[in-house]
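Assemble the whole structure, with the sequences as input and the hints as a guide.
Going line by line, the protein sequences match chains A and B. For the first sequence, the working numbering assigns the number 1 to the initial residue and increments by one for each residue that follows. For the second sequence, the working numbering assigns the number 1 to the initial residue and increments by one for each residue that follows.
Hints should not be assumed to be uniformly reliable.
Below are the DSS-like pairs computed for lysine-lysine, each with C-alpha atoms no more than 30 Å apart in a straight line [what the hints assert, rightly or not]: (1) Lys487/B with Lys49/A; (2) Lys45/A with Lys511/B; (3) Lys511/B with Lys29/A; (4) Lys507/B with Lys41/A; (5) Lys132/B with Lys114/B; (6) Lys457/B with Lys49/A; (7) Lys487/B with Lys28/A; (8) Lys162/B with Lys123/B; (9) Lys534/B with Lys667/B; (10) Lys486/B with Lys218/B; (11) Lys49/A with Lys619/B; (12) Lys28/A with Lys223/B; (13) Lys646/B with Lys667/B; (14) Lys492/B with Lys41/A; (15) Lys634/B with Lys520/B; (16) Lys29/A with Lys486/B; (17) Lys511/B with Lys534/B.
Calculated from the structure, these hints are not laboratory results.
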Amino acid sequence: MINEINDDLEKDLFINIRIMEGENLKTKKYSDREMVNRIMKYIQKMVDKNEEED
Amino acid sequence: MKFKKLIINNFMRLKGENTIEFSTLPDKNVTVVLGDNTVGKTTLAQAIRWCLYGNIISTQYDNSKNICLLNTDILNDMTANDRKEISVELDIENSINGQDRSCRILRRAEFVRKFPQLVAIQKTESLKMYIKNPITGSEEPYDNIGKDEGKVDDMISELLPKDLSSYFLFDGERWSDAKNTQNDIKDSIYTLVGISPIRQMKEHLGDLGTNGRSSVIKRLGDKKTGSGAEYNTIEKSIEDYYGRIDAQKHEIEEAQNNVEYYQKKADEIKDILNANPNVEKDQKECEKLKRDIESGTSRIEKYKKDIITRFSDSYVYFAAPLLQDVVNMLDGVDLQGSDIPDVTDKTIHAILQNGRCLCGHEVHKDSFEEKELLKLLEIVPPAKIGTVVENFKDKLANWSNRSANLYDAIKEDAESYQQESDDLEDLKEELTIKEKKIDRKINFAGERNKMNSYLIKVREANQTISNDKAVIENLKHKIAMEEEKKKDLEAKNKENEKLDRYIAYAKALYKSANEIYQEKEQNLLGELNQIIEKNFREMFNEQEKYAKLDDDYTLHLYYRNLRDSKGYANAEATGLSEGEKIARNFAFIVSILELANKMKDEGDDAQAMPLVLDGPFSKLSDVNTAKVARVLPKVANQVIIFMLDKDWEPSGLAEYTDTNYMYRLEKSIEENSSEVKKQKEVAE
Numbered sequence: 001m002i003n004e005i006n007d008d009l010e011k012d013l014f015i016n017i018r019i020m021e022g023e024n025l026k027t028k029k030y031s032d033r034e035m036v037n038r039i040m041k042y043i044q045k046m047v048d049k050n051e052e053e054d
Numbered sequence: 001m002k003f004k005k006l007i008i009n010n011f012m013r014l015k016g017e018n019t020i021e022f023s024t025l026p027d028k029n030v031t032v033v034l035g036d037n038t039v040g041k042t043t044l045a046q047a048i049r050w051c052l053y054g055n056i057i058s059t060q061y062d063n064s065k066n067i068c069l070l071n072t073d074i075l076n077d078m079t080a081n082d083r084k085e086i087s088v089e090l091d092i093e094n095s096i097n098g099q100d101r102s103c104r105i106l107r108r109a110e111f112v113r114k115f116p117q118l119v120a121i122q123k124t125e126s127l128k129m130y131i132k133n134p135i136t137g138s139e140e141p142y143d144n145i146g147k148d149e150g151k152v153d154d155m156i157s158e159l160l161p162k163d164l165s166s167y168f169l170f171d172g173e174r175w176s177d178a179k180n181t182q183n184d185i186k187d188s189i190y191t192l193v194g195i196s197p198i199r200q201m202k203e204h205l206g207d208l209g210t211n212g213r214s215s216v217i218k219r220l221g222d223k224k225t226g227s228g229a230e231y232n233t234i235e236k237s238i239e240d241y242y243g244r245i246d247a248q249k250h251e252i253e254e255a256q257n258n259v260e261y262y263q264k265k266a267d268e269i270k271d272i273l274n275a276n277p278n279v280e281k282d283q284k285e286c287e288k289l290k291r292d293i294e295s296g297t298s299r300i301e302k303y304k305k306d307i308i309t310r311f312s313d314s315y316v317y318f319a320a321p322l323l324q325d326v327v328n329m330l331d332g333v334d335l336q337g338s339d340i341p342d343v344t345d346k347t348i349h350a351i352l353q354n355g356r357c358l359c360g361h362e363v364h365k366d367s368f369e370e371k372e373l374l375k376l377l378e379i380v381p382p383a384k385i386g387t388v389v390e391n392f393k394d395k396l397a398n399w400s401n402r403s404a405n406l407y408d409a410i411k412e413d414a415e416s417y418q419q420e421s422d423d424l425e426d427l428k429e430e431l432t433i434k435e436k437k438i439d440r441k442i443n444f445a446g447e448r449n450k451m452n453s454y455l456i457k458v459r460e461a462n463q464t465i466s467n468d469k470a471v472i473e474n475l476k477h478k479i480a481m482e483e484e485k486k487k488d489l490e491a492k493n494k495e496n497e498k499l500d501r502y503i504a505y506a507k508a509l510y511k512s513a514n515e516i517y518q519e520k521e522q523n524l525l526g527e528l529n530q531i532i533e534k535n536f537r538e539m540f541n542e543q544e545k546y547a548k549l550d551d552d553y554t555l556h557l558y559y560r561n562l563r564d565s566k567g568y569a570n571a572e573a574t575g576l577s578e579g580e581k582i583a584r585n586f587a588f589i590v591s592i593l594e595l596a597n598k599m600k601d602e603g604d605d606a607q608a609m610p611l612v613l614d615g616p617f618s619k620l621s622d623v624n625t626a627k628v629a630r631v632l633p634k635v636a637n638q639v640i641i642f643m644l645d646k647d648w649e650p651s652g653l654a655e656y657t658d659t660n661y662m663y664r665l666e667k668s669i670e671e672n673s674s675e676v677k678k679q680k681e682v683a684e
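What follows is the structure, encoded as C-alpha cells:
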C-alpha cells in the first residue's frame, strides 16, 4: 500500500524529532518556521531512504 | 548533569582566585558554603549566573548597571588606566548517550580604572567552552566570537536553559515576584518535566498557524499539484483528438477514392478526345453552323416582317399618280368663295390703319364701318380656305416623297431577304455535309465539359486531402502537447504519491505526539499538585493550609476546612507573610524538580539539574528549615547551598554532606573582600 506506515521508521522519526525539538527548546536556535522546514525535510529524507533500502 | 568545580577570580566580593569543588556523590550530594551576612554568599550564586549567562540577578540592587563586577579592593589598588581581568570558570560533569562529555565554561572580562573615581569600565568580555572528547580524553575548545558567534551561548543553553535558571539557581524572591506571567511558569514547567518537546512537535507537525496552515502536514499537502480530474481531462482530449484524426483519415480515404474515380473518368474522356481530334473540331463547326443558320433564319423573318410592314403603308405609293392630278385640279378651282376678289386681310388692315376707305369714306373707331371691316377680315384670305388648301398641298408633297422611298426600301429588303436566303441555304448544305462526316452519338464538347467537371472534382478532392492532412498534423501536435502535460502530471502524481507517504508519516507522528501530549498534560497538574501538597505538608507540617497549582498555573494557598464566601470551595489564604511565600515557593520548586526527576527516571525528556540555593532558609523558622532542607537532597540530584551558620544545624544537612564539600566564606579584616576556604581547614 502506498501510504502504509513502517512502524519502526515512525518510531525512529518520533524519537529523533522529539530530540530535535528538545534541543531547540534549549538553544532557541531555530524559529517555528525553520523547525517546520527541518522536520519536513527530515521526514522526507528518512522516508526516501527507507524506501530505497526496501 | 552536575557542577564539579567553580573557580572565581576577582569577582565582586571575592578577591584573587577562589575555588569550590562540588560534591557529585550520589548519596551525600550536598555542597555547603557557610558564611555570615554580607560576606559574599550571593556573590557565589551571581558568579555561576554570570559565567553561564553573562548577567547577574539584579533584583537585589537598586541599579544593576552600576554594579561593578571587579572586586573593589582590586579596583582600589589600580591607578589610572590600569587593566585587570575577572574570570569565572565552571566545570560541569555531563554525559550524552552514556559518553563522558564533561565540559568547562570560562568567562572573562577586562576592566580599566577610571581615575580618580572608584569606577572601572568593562572593556572586553570573552566566553569559551572546553568539551572533553570521549575518545581521546582531551579538551576541545569552542569560541563564542567571530564565525562561531553565539556558539557557546547555544551550547550552554542546551545544558542549562536560561529559562529554567529560576529553578536551579533558586532565588526565593523570584516566585513571589509578580513579573512572572502564568505562561512563563507553564512553559518552564513543561520544559522541566519534558512535555515541551512533545508539545512543540505536535505544534510543528499539525497545529502551527491558523488551523495548522503553517504546519508540516499542511505544507506537505500544499506541495501536491495536479489531480486525477485534470489527468482524465487530458486523456479525454487526447482520445478526442485521435477520434478526429480517424475522421480526417476517413475523409482523406473518401477523397482519394474520388480522386481516383474522377481522374479515371476524366482520363477516359481525355483518351476519347485525344483519339478524335477532327471529329470534335467538326462537331464544333457544326454547332457554329447551327447557330449561324438560326441567326440567319431570324434575320430572314425580320426582312419578311419589314416588307409586310412597308406594304401596309403602300396606299401612298399607289395614290401617287393621283396626287398631281388633285393639285392640278385645285390650282384650277376658285378658292375665294364669298370674299371680295383680290381683297386680302392686308387690304383691310391698311384701311383700318389709314382710317379712310378706298372710297374716301372715313372709318372711325367703334364705328359701323370699322365693325364691318373687322367682319370682312374673317372671310378674306388667308383666314378662309386658302390655309386648308395650302396644308393639303403640303401633305400631298409628303405623300409623293414617301411613295418614292417606299419603293427603294422594299427593294432593299427584298434584296437582303434574297441574300440571307441564299446564305442560309449554303449553311444548311454545309451543315448537312459535316453532320454526315461525324458520329452523332458522341457529344465531344459535352464530354469535354464532363471531363473538365471531373477534373474540378479531382482538384477539390486533392484540396480536401491536403486540408485534412494539415488538420491531422495539427491534431498530432496537440496530442504531443497533451502527452507532455500528461507526462508532467504523471511525474507530479508520482511526486504526489511520495508527498502522500510523507503526509501519512507526519499524520501518524502528529497522532502519537498528540496522544502523548494530551495524556501528559492531563496528568501533569494532578500529579504535580499531589507532590506539591505532599511536600508542602512535609516541609512545613502544615495541616491547616495546602498549596495548589491552579489550572492557570498560578500557585495558591487554601484553607482545608474553610469555605469561600459563597460557601462553595475551600477559601484561599490571602495576605501571606514573607515566610509563607517562601514556604509556598519552596514547595513549588522542590515539587517540580521531584516530578522532573521522576519523569526522567521513567524515560521522559525531563531535565535533571543541580539545585543552587542562595540563603534559602533565612526567613524560615528552624523547624521549617529542618523540614525543607531534608527534602532537598532527595528531590535534586545535586544540592549546592549557600547559607548562614545559624541555619546549618537546624537544616540537618550534615547527613547529606561530605566534609570535603563544606566551605566557609571568610571576610578579610582589613579589606571588604572575602575568601572561600574549606570548612575543615578553617576548623583546624
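Quick rundown of the hints versus the structure:
1. Lys487/B with Lys49/A: Roughly 25 Å between the alpha carbons, so the hint for Lys487/B and Lys49/A holds.
2. Lys45/A with Lys511/B: 20 Å, holds
3. Lys511/B with Lys29/A: Since the Cα atoms of Lys511/B and Lys29/A sit roughly 26 Å apart, the hinted pair holds (cutoff 30 Å).
4. Lys507/B with Lys41/A: 15 Å, holds
5. Lys132/B with Lys114/B: Violated, at about 40 Å.
6. Lys457/B with Lys49/A: 69 Å, violated
7. Lys487/B with Lys28/A: Judged against 30 Å, a Cα distance of about 44 Å means the pair is violated.
8. Lys162/B with Lys123/B: 25 Å, holds
9. Lys534/B with Lys667/B: 40 Å, violated
10. Lys486/B with Lys218/B: 26 Å, holds
11. Lys49/A with Lys619/B: 61 Å, violated
12. Lys28/A with Lys223/B: 28 Å, holds
13. Lys646/B with Lys667/B: 17 Å, holds
14. Lys492/B with Lys41/A: Within the cut-off at roughly 18 Å; holds.
15. Lys634/B with Lys520/B: 24 Å, holds
16. Lys29/A with Lys486/B: 43 Å, violated
17. Lys511/B with Lys534/B: With Cα atoms ~34 Å apart, Lys511/B and Lys534/B exceed 30 Å; violated.
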